[in-house]
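Trainee: Fit chain B to the given chain A structure using the hints.
As they're listed, the protein sequences go chains A and B. Numbering of the first sequence is given in the numbering used here, commencing with residue 1 and proceeding in unit increments. Numbering of the second sequence is given in the numbering used here, commencing with residue 1 and proceeding in unit increments.
Everything labelled a hint here was simulated from the structure, so no lab data went into it. Even glycine gets a Cβ: it sits at the ideal position worked out from N, Cα and C. Any given hint could be a false lead.
[To be verified] What follows is a list of derived Cβ distance ranges for each label pair:
| # | chain 1 | residue 1 | chain 2 | residue 2 | range |
| --- | --- | --- | --- | --- | --- |
| 1 | B | Asp241 | A | Ser247 | 27 to 37 Å |
| 2 | B | Thr148 | A | Ala265 | 46 to 56 Å |
| 3 | A | Ser247 | B | Glu246 | 31 to 41 Å |
| 4 | A | Ala279 | B | Phe153 | 45 to 55 Å |
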Amino acid sequence: MSESDLIRRWNEEQPQYRAWGSFVVSTMQGLIARHLQDDAVESFLRIPPKARLKESPSLVDKAFYRGKAYRNPYDDITDKVGARFVVLLNEDVRVVEELLVNCAEWDARKDKDYEEERSRSPLLFTYQSLHYIVAARHEVDIDGTRVETGTPCEVQIRTLLQHAHSELSHSRLYKPSSNATPEMVRASAKSMALIEAADDYFDLISAKARQNEIPLDEAKRLLATLYIDQIGEEPQFQKSSSIILDSLRSTLPEDLREGITLLLAAESYIVDKIKSRAAEAALYKQPVILLLYWLAKHKPASLKQLWPLDPNSIRPIYVDLGIAYDNDR
Amino acid sequence: MILNNLTIRRIAAHEVFRRAEDRTLVPPRHGQEVIPLSADALAELSDRIVSVLGKGSRSMEMKIAEHRDRSAVSISGELIRAGSDWEFIEASKVAADRLADSQASRGIPGGILVVLSGTAGYPERQMAAFIKAEVQSGFVKKLRGDGTLAVEFLTELFLTPESKLYKIGVFVAPATTPPLLTPPTFPDGWEAGVYDVAMTAGNRATAAQYFYERFLGLAFPKNAALLTKQFHDLTRAFIADLGVAEEKKSDLHNALVTYLKVGVNRAIQVGEFADLYFDDSELKDRFSHYMVEHDFPLEQVVKDTADIQKSLRFRKVTFPHDVKLTAPADSFNELIRIETIDGERGADGQVPVWTKIIVKEKIQHQS
Numbered sequence: 001m002s003e004s005d006l007i008r009r010w011n012e013e014q015p016q017y018r019a020w021g022s023f024v025v026s027t028m029q030g031l032i033a034r035h036l037q038d039d040a041v042e043s044f045l046r047i048p049p050k051a052r053l054k055e056s057p058s059l060v061d062k063a064f065y066r067g068k069a070y071r072n073p074y075d076d077i078t079d080k081v082g083a084r085f086v087v088l089l090n091e092d093v094r095v096v097e098e099l100l101v102n103c104a105e106w107d108a109r110k111d112k113d114y115e116e117e118r119s120r121s122p123l124l125f126t127y128q129s130l131h132y133i134v135a136a137r138h139e140v141d142i143d144g145t146r147v148e149t150g151t152p153c154e155v156q157i158r159t160l161l162q163h164a165h166s167e168l169s170h171s172r173l174y175k176p177s178s179n180a181t182p183e184m185v186r187a188s189a190k191s192m193a194l195i196e197a198a199d200d201y202f203d204l205i206s207a208k209a210r211q212n213e214i215p216l217d218e219a220k221r222l223l224a225t226l227y228i229d230q231i232g233e234e235p236q237f238q239k240s241s242s243i244i245l246d247s248l249r250s251t252l253p254e255d256l257r258e259g260i261t262l263l264l265a266a267e268s269y270i271v272d273k274i275k276s277r278a279a280e281a282a283l284y285k286q287p288v289i290l291l292l293y294w295l296a297k298h299k300p301a302s303l304k305q306l307w308p309l310d311p312n313s314i315r316p317i318y319v320d321l322g323i324a325y326d327n328d329r
Numbered sequence: 001m002i003l004n005n006l007t008i009r010r011i012a013a014h015e016v017f018r019r020a021e022d023r024t025l026v027p028p029r030h031g032q033e034v035i036p037l038s039a040d041a042l043a044e045l046s047d048r049i050v051s052v053l054g055k056g057s058r059s060m061e062m063k064i065a066e067h068r069d070r071s072a073v074s075i076s077g078e079l080i081r082a083g084s085d086w087e088f089i090e091a092s093k094v095a096a097d098r099l100a101d102s103q104a105s106r107g108i109p110g111g112i113l114v115v116l117s118g119t120a121g122y123p124e125r126q127m128a129a130f131i132k133a134e135v136q137s138g139f140v141k142k143l144r145g146d147g148t149l150a151v152e153f154l155t156e157l158f159l160t161p162e163s164k165l166y167k168i169g170v171f172v173a174p175a176t177t178p179p180l181l182t183p184p185t186f187p188d189g190w191e192a193g194v195y196d197v198a199m200t201a202g203n204r205a206t207a208a209q210y211f212y213e214r215f216l217g218l219a220f221p222k223n224a225a226l227l228t229k230q231f232h233d234l235t236r237a238f239i240a241d242l243g244v245a246e247e248k249k250s251d252l253h254n255a256l257v258t259y260l261k262v263g264v265n266r267a268i269q270v271g272e273f274a275d276l277y278f279d280d281s282e283l284k285d286r287f288s289h290y291m292v293e294h295d296f297p298l299e300q301v302v303k304d305t306a307d308i309q310k311s312l313r314f315r316k317v318t319f320p321h322d323v324k325l326t327a328p329a330d331s332f333n334e335l336i337r338i339e340t341i342d343g344e345r346g347a348d349g350q351v352p353v354w355t356k357i358i359v360k361e362k363i364q365h366q367s
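Just chain A, same shape as in the assembly (with noise of 0.2 Å):
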């Protein structure tokens, strides 16, 4: 295939793959939706993953004077359209891979290209990057353009600091060579010695302070359940529950089920002051209510310290329990 040939061709398919590329991209974007719950993609991606389309001089440039033998140049470059996800921490590398690798819409396989250059470049490839080839599996049509089986996007998936590093790496600064003094070397390996310390310390903070939620977490899901349980109505849950949970993160009794379950029994007026104020105060249709009725009666001097809202919402809790608030010192 000649030069001109294969500009020719790329100019006649570059619609097609366009269109795979951005399937590619907002097929992955609604897979992590999907998996985070919620609308927080745009910060799980710290980069806007688009498209791109290999240039026609680059397309050239690599098919004929890179010294590769492409036996069969413009099928071989795989990378004609890529798209990049850049996330924040290794495990974030690796839901996005899962959710690569799982998709029905394509066939997912490393990249054996950049396999390749890595090895013949160390300077430039000393990282460690997902580089995955997604082909169709079959024909689609997207937005009226024919996509045919087999079309390729190139799918790199990295942390912030590695894609940090890699661009770095591939500015203008550096020459891609295998002719690297010690010295480069050394360098570059210790650049990226760092970038994977400190990827591997975020995942440690990440996995610490997933840790460190876990008593309240289970905290809220037992109160939610005791607030069904005595309550008998669905609660709602508010995000002034988070903070109210933290501030008083102290003072959460071994056994909160029983200490609850007791006071309530002790003291069941208390269930129809609840549903009764509920009307009209929001805090009592959350769970969080119930653990601020056992903090009044047991530990009331440490409830009003570490409240953090307003102390008005708390003071009728007292007066239902006969406790005086203010001691008018």
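Mentor: Chain B in isolation, oriented as in the chain A frame:
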């Protein structure tokens, strides 16, 4: 006092007046109707009552000394038993008359007497309360129709959150229903409590007696000395078992002595001691719990140090091997400094905990 699950059912109000210049009684102006209050107003009233009479408040449990006809506790029985609003009002008028009677000196101001009945506790017990509120003036903000702010001066506000201006007496009937009103068992099982800032302040305020003694027919419980001793012993034990540094314990023991011996207040209270000397709210809660577990009331208790004079005179610090230090309790702090220090490393490589004691005096005598 047990005031959880407080529900107010009926309210009446009367105005009582200061004695005339010649010390004759000015008859009260009686209200003639039960006062309907909105749910918000009732909630506010409950808040006021529980804030000054609830657990941990500055109220005091009292003994019922007067229980004959027309005594406050007897009137409470009538108020509770009142089948109709009219009966309630009539009984409440008797209370107003009694209050006017008891305000025998010109020095006692007039005010509004609010009489209410309802229930408290779980299971519910009948209760009645008498609130004497002084009338004050104040400013009230109002929004005009056009949204601008107007200010009105009102001369007849009462029962504002300024709680120094009201006194409350509460009577709670025994748990059995109907409440026993007939002798010889009356008023067994009845509980009474009073909130009156004047009663327990450091300065002697005989004016307060008219309210708790002449009007409500109550007296201080006789067990003040016993309760004071209990407070002392329990608090000492609590401090001794605390997991804090010895210096901190020493400070707290000094604090206890100060509170009982030196303090000008005529009453002691668990919550007050905790607020004064424990910084950490978790510790305050633990102390309250500890006292409740040992059956010590959270309300104010009259201070009577008769039975603890000896314990308050000297403080003692003991060490193993019969080493002892004693000093007068009220000068302990000035004369002695105690510090925990690291001792000399022993043969086994461990660093022991030692105590450094500095006595700010010369040795007077050794033997």
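Trainee: Which earlier hints can't be squared with this structure?
Mentor: 4
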